[in-house]
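Colleague: Chains as they are written, first to last, in our numbering: chain A, 1 to 275; chain B, 1001 to 1279; chain C, 2001 to 2367.
One should not assume that every hint holds.
Said to hold, decoys possible - Here are some of the chain B residues that sit facing chain A, going by a computed Cβ distance under 8 Å:
| no. | residue |
| --- | --- |
| 1 | 1079 |
| 2 | 1080 |
| 3 | 1164 |
To be verified - DSS-like cross-link-like pairs, simulated, lysine-lysine; straight-line CA separation at most 25 Å:
| no. | chain 1 | residue 1 | chain 2 | residue 2 |
| --- | --- | --- | --- | --- |
| 4 | B | 1064 | B | 1049 |
| 5 | A | 184 | C | 2132 |
| 6 | C | 2182 | C | 2157 |
| 7 | C | 2065 | C | 2107 |
| 8 | A | 158 | C | 2103 |
| 9 | A | 158 | C | 2070 |
| 10 | C | 2070 | C | 2103 |
| 11 | C | 2103 | C | 2117 |
| 12 | C | 2337 | C | 2309 |
Calculated directly from the structure, the hints in this document are not laboratory data.
From the three backbone atoms N, C-alpha and C, an ideal C-beta is built for every residue, glycine too.
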Amino acid sequence: MGRILLITVTVIFLLFLLIMPIAFIMIEAVGSGLQPYAQAIGNQATLHAILLTILVTAVTIVINIIIGLSGAWLISKFSFRGKAFLTTLIELPFSISPVVVGFLFILLFGYNGWFGKLLDNYGIQIAFAVPGIILVTVFVTFPFIIRELIPLMQEQGKDEEETALSLGARGWSIFWHITLPNIKWGLLYGVVLCLARAMGEFGAVSIISGNIQGETDTLTLHIKNLYDGYYYNEAFAVSSLLLIVALATLLIKSFLEWSFKPKTKYKTKTTLKKT
Amino acid sequence: MARLIQNRQRHILPGFGLNMGVMLFFVGLLIVLPLAALFMHTTNISWSKFVDIAQDERVQSALKLSFSSAIIAALINLFAGIMVAWVLVRYDFIGRRLFDSLIDFPFALPTAVAGMTLASLYDHNGWLGGLLKSVGVQVVQTQAGIVLALVFIGFPFVVRSVQPVLADMNQEIEQAAKSLGANGRQFFWRIVLPTILPAAFTGFSLALARGIGEYGSVIFIAGNIPYVSEIAPLLIAIRVDEESGYESAAVIAILMMIIAFILLLLGNVLQRWTRFYQK
Amino acid sequence: MINIERINKSFDHGRIRILEDVNFSVPKGQLVALLGPSGSGKTTLLRLIAGLENADSGTIELEGKPAQSKTIQQRQVGFVFQHYALFRHMNVFNNVAFGLRVKPWFKRPKRKIIQQKVQELLELVQINELAKRYPSQLSGGQRQRVALARALAIEPKILLLDEPFGALDANVRQELRIWLRKLHDRMQLTTLFVTHDQQEAMDLADRIILLQKGKLQQIDTPENIYEKPANLFVYQFLGSFNTIRLPVNNSSIKIGHHVFQTDRQIANADMGIFYIRPYHLRLLSQNQATTAHFYASVQGILFNGSIIKLQIQPIDYLSGIYEVTISPSDYHAHHVKNGAIYPFSIQELAFFITPQQPPITFKTSES
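So that you can see chain A by itself, here it is in the shape it has in the complex (with noise of 0.2 Å):
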């Protein structure tokens, strides 16, 4: 009885939550037909936007893997002074408002700021421009991989490590042959969790970009200036690609659960967990 009710008001929940949004968006996209949504969709700005945006979360992520696979490796390998501080340091994007963050960094490199004219001086310009984006969208997804790594590694521990070491393997080979194999999907699970908020940052960008339209207007940055102009149906269907994209990260995660975190529960026979 007491179930019946509380899986219909969890099913309802979740229609009007979840669902409801999915179904909008895919309707409003093609709401005045296929041709307009193809139009909208590959006309010059919307793909400048696209390319805008793969570019950037690229790049982010590129940065971002490498930040991970580092600080993952120094938190969870070695013990030092300031680690707490500095574990601390890499959670605070987190609570950081992304307008807060697009601020920082106008602060630091727009006209006025610390870097701005000295770096205008070599003719480099950061705010307001693509570096600028990729500067912000690192800050905002600076924890995804590396949090999904640091408890994986920790858990890991160091003894294979250490045994590749006596028989004589380097660095570069540990990391490659022993440790990367190991977190490999932790990596990727990681990579599809900043991928998704890469694409679709936007506060800090719209900030920290200046929202110049046909150079530094991302996808999102487009939608809302497609619907501030009151092209409604080409802002869903510009949305509808990024819905693609987020179910697409979702179907992905879920598989990625699904396959690999069971596996991970190998560890020795007396440490294994009894379910």
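For this one, chain A is given, so just place chains B and C on it according to the hints.
Modeller: Same frame as chain A, now just chains B and C:
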């Protein structure tokens, strides 16, 4: 000399220096430097100016709106999240796995798209807005709309925190409780709830932190009427856009951080208190 | 050969001392146990020798050459972790081949030779049929064999094993001990293994190094360490015992009217603590009663395979519960029953003037 060699070999596994260098560079450039810029900028503002900005009515109402909405939304998510996690872990029904995969949808969907979609859904002409209007409820351009957006955006936090704890709860524990004579309700209130509470509070804190700073999903549905439905992040964005608004933006940002910090500290205390049995 | 001199090691910036001035050497070809209770520093010592930790001070020599300046890769010691640390994403063959494949290219053997060598190693540890399996598909004993084969692949002169049997079931343990002994002899290795199990150390080792709280207690053969413990800790650690409190007078003690003596001069004491091994209490038959030192009733009988433990409560002279071990044949010969009363004799008692010194033995002068 021998001492020197020993010190250099303090870490047996390779890569300490390299990785420390990489981390210091990125953390310094991306996190420490920008925050330092903000604090330096704020110290240039005189105290009376700081107080003036902080006491400005528009700033105050924006801060109040942001924090009250975030707290309300996080509370709703606390209850809804526990319920959804419980149902997903304990019961099997058609579509369970689909719903389970979709829980993270709000994280995957860009916030701007979410905001736009919610605004259109709950607009007077939207699917749900019209329905609600007929019973006299307005969501768009009110705090209710802001809370709705924040519930959407923060919804996965509590569910995903509680779910693994619930799944980990041994079946033997339930059987033990039942063999000692506990009924279903007693089992939930006396065994399950105390066990999942710390995780639920973790999710609550995360949802709260996210809600305070959220921008993209809110601005579409909020209507952004000053004094009524204008959130603090938006006010910062407006001030940054104005030529002379940096000081004001810096003060609002600092205030947001301080209040958020205090709230999260309280959350931490609460969480520690509910975790007493793990010490 | 392993030579350790004045090794000191502390953690947490000197706040926790793990090892204090430890000296010992392991001669070439010996199989030596590093024995101690948990927290005695034995695993740290093993890791120091392998190069997985650095000592605060002291010297380590391997095969007659100083090892401190050498990295772990250069030391070429075989190290086997307690839980084996098999590379879980590689099959057995690749695990064993790893040490050969990561050699610098100018020293790396050809593919064919690696193949052949791994095959030989797998045969040596008798698991050639498991080459394609992954670690998660192996039993504990099989994992240990893989770990050993992998360590042997780099042709170490020295083999270090951390609790090699700790993660195994009791019956597999016995079999693997014998096998390890044979392997050690055949490969002419110098082997040092860590254990907290004194029985295991006794069964397997040529010599035992006993550690406690970071300090060396005794290095000796299993026989000597048992028969001639260096101090109270060694005596207590190596087996169960009974204690009796008795006054000491003129280097002798009395139990009833029976006198036990030592030829050493000992100061008189009101209450000395005396230790008796369970097998130094002998169950006598009724017709040997004249030589009995006391009578006791049997309070409990524990069957433990090859020996039988009795819990007895003396009815005269002594008080408390004592443990006695007897053989099954004695058990049947004497028709031991719960609650029945039997005569017992005490063969010897041990007394420690200070905990740091070897014990003094007290024996009866009768008969």
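Colleague: All hints, please: hold or fail.
Modeller: Quick rundown of the hints versus the structure:
Among the interface hints, the one on residue 1079 of chain B is violated; its C-beta lies about 11 Å from the nearest C-beta in chain A, farther than the 8 Å criterion. Interface restraint check for residue 1080 of chain B: the shortest CB-CB distance to chain A comes to about 6 Å, inside 8 Å, so the restraint holds. Checking residue 1164 of chain B against chain A by beta carbon gives a least distance of about 10 Å; that is not within 8 Å, so the hint is violated. With a C-alpha separation of about 20 Å, the suggested pairing of residue 1064 of chain B with residue 1049 of chain B holds against the 25 Å cut-off.
Among the hinted pairs, residue 184 of chain A with residue 2132 of chain C is consistent with the structure: their alpha-carbon atoms are about 22 Å apart, no more than 25 Å. With a C-alpha separation of about 16 Å, the suggested pairing of residue 2182 of chain C with residue 2157 of chain C holds against the 25 Å cut-off. Of the supplied pair hints, the one linking residue 2065 of chain C and residue 2107 of chain C holds, its CA atoms being roughly 22 Å apart against a limit of 25 Å. For a cut-off of 25 Å, the pair hint linking residue 158 of chain A to residue 2103 of chain C stands: about 21 Å separates their Cα positions.
Taken as a hint, the residue 158 of chain A and residue 2070 of chain C pair is honoured in the structure, with Cα atoms around 20 Å apart against an allowance of 25 Å. A C-alpha spacing of about 16 Å is found between residue 2070 of chain C and residue 2103 of chain C, which places the hinted pair at or below 25 Å, so the restraint holds. About 14 Å separates the Cα atoms of residue 2103 of chain C and residue 2117 of chain C, which keeps this hinted pair within 25 Å; it holds. Distance hint between residue 2337 of chain C and residue 2309 of chain C is fulfilled; the C-alpha atoms sit about 13 Å from each other, no more than 25 Å.
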